[in-house]
Amino acid sequence: MAGVPADGLGHLRVVLGETAYIGPGRADLMELIETTGSISAAGKAMGMSYKRAWGLVQALNQGFGVTLVASSRGGADQGGAHLTEAGRLVLARYRAMQQATRAAIAGDVALLREKFDLS
Numbered sequence: 001m002a003g004v005p006a007d008g009l010g011h012l013r014v015v016l017g018e019t020a021y022i023g024p025g026r027a028d029l030m031e032l033i034e035t036t037g038s039i040s041a042a043g044k045a046m047g048m049s050y051k052r053a054w055g056l057v058q059a060l061n062q063g064f065g066v067t068l069v070a071s072s073r074g075g076a077d078q079g080g081a082h083l084t085e086a087g088r089l090v091l092a093r094y095r096a097m098q099q100a101t102r103a104a105i106a107g108d109v110a111l112l113r114e115k116f117d118l119s
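Here the sequence shown is numbered in my numbering, starting from 1 and rising by one per residue.
Possibly wrong hints are sitting among the right ones.
Unchecked claim - Label-pair restraints from in silico Cβ distances:
hint: 1; residue 1: S72; residue 2: R113; range: 42 to 50 Å
hint: 2; residue 1: A92; residue 2: Q62; range: 19 to 27 Å
hint: 3; residue 1: Y21; residue 2: A103; range: 16 to 24 Å
hint: 4; residue 1: M97; residue 2: T67; range: 47 to 55 Å
hint: 5; residue 1: S72; residue 2: A104; range: 39 to 47 Å
hint: 6; residue 1: M46; residue 2: E18; range: 24 to 32 Å
hint: 7; residue 1: L118; residue 2: V15; range: 49 to 57 Å
In case anyone wonders, no lab produced these hints; they're calculated from the structure.
We treat Cβ as the ideally placed atom computed from N, Cα and C, and that holds for glycine.
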């Protein structure tokens, strides 16, 4: 099934407000921006256009009401992007919530797989 995580434990989407939310796609994009230093490269690595990646960055920044991803235009200095302190906090807490959720539901998922022979 497309979009199902390899561990089969589902996706976590945390909604903090009407426009402030983070899920696996946004978290992966933020992580790749931090690693590559580029919104374009991060988007490309995820198979999305720069326009789509930039739109997600704008949605994150506007939704949380603070800059999570800071960027500078290209040109002679080549521009770039990085997570701000707030962005690193949001990403770190989201990843911690993902791990806690997986740990909390793993037993029930295993029980259901065994009960219905779904492994």
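Which numbered hints turn out to be false for this structure?
4, 7
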